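Engineer: Here is what each chain is made of, one letter per residue.
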Amino acid sequence: MKPFLRENIPTDLEEIPDAPAYEAGYLVTKNAGWRNVRPVIDPLKCTVCLNCYLHCPDGVIFRKDGRVEIDYDFCKGCGICKKICRLGAIEMEAEKNG
Amino acid sequence: MAVNAKTLNETEFFYGHKACAGCGGSLAVRIALKVLGENAVAVLPAGCMSAVGFNFPQLCFGNNAIISTFAGTASMLTGVQAGLRAQGITDFHAVGFAGDGGTADIGLQALSGAIDRNDDILYICYDNEAYMNTGIQKSSLTPFGARTTTTPAGKNIHGNLRPKKNMFEIVAAHGIPYAATASVGYINDFMRKVEKAKSIKGTKYIHILAPCPTGWGIKTDETIEIAKEVVDCGLWYLAEYENGRFTLNHRPKEFSSVKEYLKKQSRFRHLTDEDIDIIISSRDKKWLQLAES
Amino acid sequence: MAKKFLSGNEAFAYGVRLARPQVISAYPITPQTIVVEKLSEFVEDGSLKAEFIHVESEHSALSCAMGASSVGARAFTATSSQGLLYMAECLPYAAGGRFPVVMMNANRSTALPWNIYGDQRDSISQLDSGWIQAYAENAQEALDLALMSFYIAEHKKVSTPFMANLDGFVLTHTYEVADVPTQEQADEFLPSFETENKMSLTSPKNLAFSAGPDTNTFFKYKEHIGLLNVKEAVAEAEKRFAEIFGRQYSGLTESYKTDDAEYILITLGSISGLVREVVDKLRNEGKKAGLLRLRYIRPFPNEEIADALKNAKAAAVLEKDISFGNEGTVYSNVNSALHKAGISIPTSNYIGGLGGKNISAEEIEYIFSDLTRKKSEVKFLGIGGEDSGS
Numbered sequence: 001m002k003p004f005l006r007e008n009i010p011t012d013l014e015e016i017p018d019a020p021a022y023e024a025g026y027l028v029t030k031n032a033g034w035r036n037v038r039p040v041i042d043p044l045k046c047t048v049c050l051n052c053y054l055h056c057p058d059g060v061i062f063r064k065d066g067r068v069e070i071d072y073d074f075c076k077g078c079g080i081c082k083k084i085c086r087l088g089a090i091e092m093e094a095e096k097n098g
Numbered sequence: 099m100a101v102n103a104k105t106l107n108e109t110e111f112f113y114g115h116k117a118c119a120g121c122g123g124s125l126a127v128r129i130a131l132k133v134l135g136e137n138a139v140a141v142l143p144a145g146c147m148s149a150v151g152f153n154f155p156q157l158c159f160g161n162n163a164i165i166s167t168f169a170g171t172a173s174m175l176t177g178v179q180a181g182l183r184a185q186g187i188t189d190f191h192a193v194g195f196a197g198d199g200g201t202a203d204i205g206l207q208a209l210s211g212a213i214d215r216n217d218d219i220l221y222i223c224y225d226n227e228a229y230m231n232t233g234i235q236k237s238s239l240t241p242f243g244a245r246t247t248t249t250p251a252g253k254n255i256h257g258n259l260r261p262k263k264n265m266f267e268i269v270a271a272h273g274i275p276y277a278a279t280a281s282v283g284y285i286n287d288f289m290r291k292v293e294k295a296k297s298i299k300g301t302k303y304i305h306i307l308a309p310c311p312t313g314w315g316i317k318t319d320e321t322i323e324i325a326k327e328v329v330d331c332g333l334w335y336l337a338e339y340e341n342g343r344f345t346l347n348h349r350p351k352e353f354s355s356v357k358e359y360l361k362k363q364s365r366f367r368h369l370t371d372e373d374i375d376i377i378i379s380s381r382d383k384k385w386l387q388l389a390e391s
Numbered sequence: 392m393a394k395k396f397l398s399g400n401e402a403f404a405y406g407v408r409l410a411r412p413q414v415i416s417a418y419p420i421t422p423q424t425i426v427v428e429k430l431s432e433f434v435e436d437g438s439l440k441a442e443f444i445h446v447e448s449e450h451s452a453l454s455c456a457m458g459a460s461s462v463g464a465r466a467f468t469a470t471s472s473q474g475l476l477y478m479a480e481c482l483p484y485a486a487g488g489r490f491p492v493v494m495m496n497a498n499r500s501t502a503l504p505w506n507i508y509g510d511q512r513d514s515i516s517q518l519d520s521g522w523i524q525a526y527a528e529n530a531q532e533a534l535d536l537a538l539m540s541f542y543i544a545e546h547k548k549v550s551t552p553f554m555a556n557l558d559g560f561v562l563t564h565t566y567e568v569a570d571v572p573t574q575e576q577a578d579e580f581l582p583s584f585e586t587e588n589k590m591s592l593t594s595p596k597n598l599a600f601s602a603g604p605d606t607n608t609f610f611k612y613k614e615h616i617g618l619l620n621v622k623e624a625v626a627e628a629e630k631r632f633a634e635i636f637g638r639q640y641s642g643l644t645e646s647y648k649t650d651d652a653e654y655i656l657i658t659l660g661s662i663s664g665l666v667r668e669v670v671d672k673l674r675n676e677g678k679k680a681g682l683l684r685l686r687y688i689r690p691f692p693n694e695e696i697a698d699a700l701k702n703a704k705a706a707a708v709l710e711k712d713i714s715f716g717n718e719g720t721v722y723s724n725v726n727s728a729l730h731k732a733g734i735s736i737p738t739s740n741y742i743g744g745l746g747g748k749n750i751s752a753e754e755i756e757y758i759f760s761d762l763t764r765k766k767s768e769v770k771f772l773g774i775g776g777e778d779s780g781s
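Chains as they are written, first to last, in this note's numbering: chain A, 1 to 98; chain B, 99 to 391; chain C, 392 to 781.
Just so you know, the hints here were simulated from the structure itself, not pulled from any lab data. Fair warning: this is a prediction, and the values are worked out from it, not measured in the lab. Built from N, CA and C at the ideal position, the CB exists for glycine as well. Errors might be hidden in some of the hints.
[Claimed, not checked] Going by beta-carbon spacing under 7 Å, a handful of chain A positions derived as facing chain C: (1) L13; (2) I16; (3) D18; (4) A19; (5) P20; (6) A21; (7) Y22; (8) A24.
[Unchecked claim] Ranges between beta-carbon positions, derived for each pair: (9) C:S591 with A:A32: 29 to 37 Å; (10) A:R67 with B:N347: 54 to 62 Å; (11) C:A479 with B:S238: 19 to 27 Å; (12) B:N341 with A:V40: 47 to 55 Å.
Pulled out of the complex, with its shape left as it was, chain A reads as follows:
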C-alpha cells in the first residue's frame, strides 16, 4: 500500500497507541516546502520511457492515463529526473516562493 496523507494527527494521550506501533504509511506532512526548483515535464517530448520514474529517490513520478506526472506534494526538487532524461523533456523551473 502506498503511504498517503491523513487528516488526523494523533497528539493526545488517548490517541497515542500503547506501543510504538501504528498503521503503516501514515503521512501527516508534505515535503513540497523543501523545493527551490520544480521539475516540469514537457508532454510533447516525453515518450513515457519511465527512466525518471525509475530513478526518483522519492518515488513521486508516476504514470497516469498514458502520461508521466509528478506528485508535487512530495517532490523535493533534487533534479535527478531532469539529468536522467535523455530527451530533454524535463526542465527545472524556479519556485515562485523559493
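Let chain A serve as the given structure and place chains B and C on it in line with the hints.
Structural biologist: Okay, now just chains B and C, sitting in the frame of chain A:
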C-alpha cells in the same frame, strides 16, 4: 522476464520520507521494496533510512517495517522470519536495509551469525561510505582518501588512510547462497539482483553503492551519474556470488578517468596526484585479481 | 502431574516447554546453559515445537526474540551476568516496544573480578530497563513462574517483557523434587499469544518508531502504567493457577510470620528458605521475628511492604547487590516505600552473598539481633569489626 521500469510494481512503499534531496540510499530502499512487493517485512537499524522514515506520526513505509537496534538488523530479521514461519506464514520476504556502518562495523557480528544459520532473509547494505546520519564520520567502508568529519584532510593527513573493507567477499566467504554488489547508477542490474534474491531460500546479501550528496559533496542531481561513474572508472565492480562461484557482471572495456570521478566530489578534492596514483594502482591490483578468478 | 527430581534450570525449562514458545533464541553462559541445553533436547525429541535459534551473542538473542515478538510469536530467551549486560541495549528496547518476551536470568556476579557464582548485581543493575523482575525461591516456584511469566507478560493490560531470576548455582543447579503439570493443564492455563502490537501481512504496521518531545512522554507513561498493571495480572494469573494446579502463590510478596512480628527481615530469592528456618528458631526462643520475601521487585511492592511492616519496630534488608557509593538498591526502594506510607522505623541494610559467598544461619541470626539497634546502617556481611557478624 526481468523486471524493468514498465513491469515494476507501480505501488510506492517508501513514500513521504525526509531523506535529503537526491539521496541514493532512499532510492535503493524504494526500488527494492517495489521488487519485493507488499509482503516485504522490513527491518532497518537506527541510521539514515530509519531516521527519515519513522517519525511518529509520519510513518513512511506502506509495508510492514520496524526499526532495530543499530547492531541488530540481522538478528531482528532472524527473529522476524522465525516468528512468521513458526506461525505457518511463508509468503513473506524478510528484508533488511542497513548502511555501511550498520553493516560492516557494528552489525557485522549479527550478519555473520545470520548467514552462518542460513536464515531466510535478504540483507541489503546501502553503502554511502560513511556514517551520514550522524554527520559524515568514517566507517570501515569509507574509501581511501575520503575526507569525513573524523578523517579531516589537512597538511599532515589527506583524509582516510585505510582502504574500503570488501564486504561482498567477506559475506561470500561464509558460503552464502547468494551475494551481489550493485550501484544505484545501474538500477536495472540492482532490480534484477533483488528479483533473483527474492526467489532464493536462505540468506541473501546485496551490497549497493548509494551516493550521499550531502556527505560526498556533489549536487543533488548528480547521484545517479556519480554512482554510474564509480563503476565505469573501476573503483566499484558489479558482481554476483552464487553456488560457490563469482560472476563479474560488468567489465568496462576501458576505464573512465578516476581523477575525474574523484574531483567531482568535495570529499576527494584535496587529493594530490600521488594520492590518486595510489587509488589507481589499488584499483588495477583488484582488477588483476578479478581477471584471475 | 508428575513428580520429577529437577534442578532449578531444568525445572524452568520444563515450565517453558509447557508454555509452548514459538521461537527460542539461545546463547550459552554459565550458570544458565542447562536451560537452553534442555530446551534443545525437547526440540530434538519432538516434545517442543519451536524455532530454536543458535544466536551468536546475547545482544542477538534478545534482538531475535524481539523480532519474533514483533510478528506475534511467543518468544523465550535466557541469560546471565555478562550476557545480560551485553544485551543491555535490548532491554529497554524490548520494554519500550512492549514486546512481552520472557527471559530467564541465572543470577550471577558481574566482572571484575571474574566470578561465575551467584549474586544479584546483574539483574538489579537493570532494574530501570522497564522489565518485570521476579525472583524464584526454589525449583517448584521456578517451574511455575516460567509458565505464569508468559501469562503475565502477555496480559493485555501489561504487554511488558518478563525477567525471571534464579540464583545462580544455589537454585539453578540444586536438585529438588518438583511437580511437573501436564500439557493439557498448561494449555488450559495459558491462552495462545494474541496481540495488536505486531507486523501482520493483512494489517501492515510500522513498529519501533521514533517519537519526539511532543509524544515521547505519552509512550513512557503508558509503559509505566503497563508495569503497574502487573500486580493485577499476577493476582489473576495466580488465582487461575491455583484453580488448575492447586498451588497457591501470594502476589508480589510472601509474608512469613510478619503479622505480629517486631523485627522483619526483607530479602529475595533462594536465601529466603534459610531465613524462614532462622525465623522459626527465633520464634521458639520467644523472639518475634518475621520474613518478607519480595517475589517481584518490578513493579515494586510498595503497598505490600508498608502493610507488612506497619507494626514492626525495625526492619532490615538482606540483598546480594550493592549500588556502589550508596547502598543496596532493594534497601533504597524499601525505604522509599516506608517513607511514602509514613512509616518511620529504623531500617538497616546487609549486603551478602556477593560472588557466591555463603550466607550462614548464624549471619541471619546476627542480622536479627543487630537490626534492633536504632541506627540505620549499610553493612557488608563478614567484613571486619565487631558489628559485622563475622
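Engineer: Taking the hints in turn, state whether each one holds.
Structural biologist: Hints versus structure:
no., hint, in the structure
1, L13, "holds (5 Å)"
2, I16, "holds (4 Å)"
3, D18, "holds (5 Å)"
4, A19, "holds (4 Å)"
5, P20, "holds (5 Å)"
6, A21, "holds (5 Å)"
7, Y22, "holds (6 Å)"
8, A24, "holds (4 Å)"
9, C:S591 with A:A32: 29 to 37 Å, "holds (33 Å)"
10, A:R67 with B:N347: 54 to 62 Å, "violated (34 Å)"
11, C:A479 with B:S238: 19 to 27 Å, "holds (24 Å)"
12, B:N341 with A:V40: 47 to 55 Å, "holds (48 Å)"
Of the numbered hints listed earlier, the single one contradicted by the structure is hint 10.
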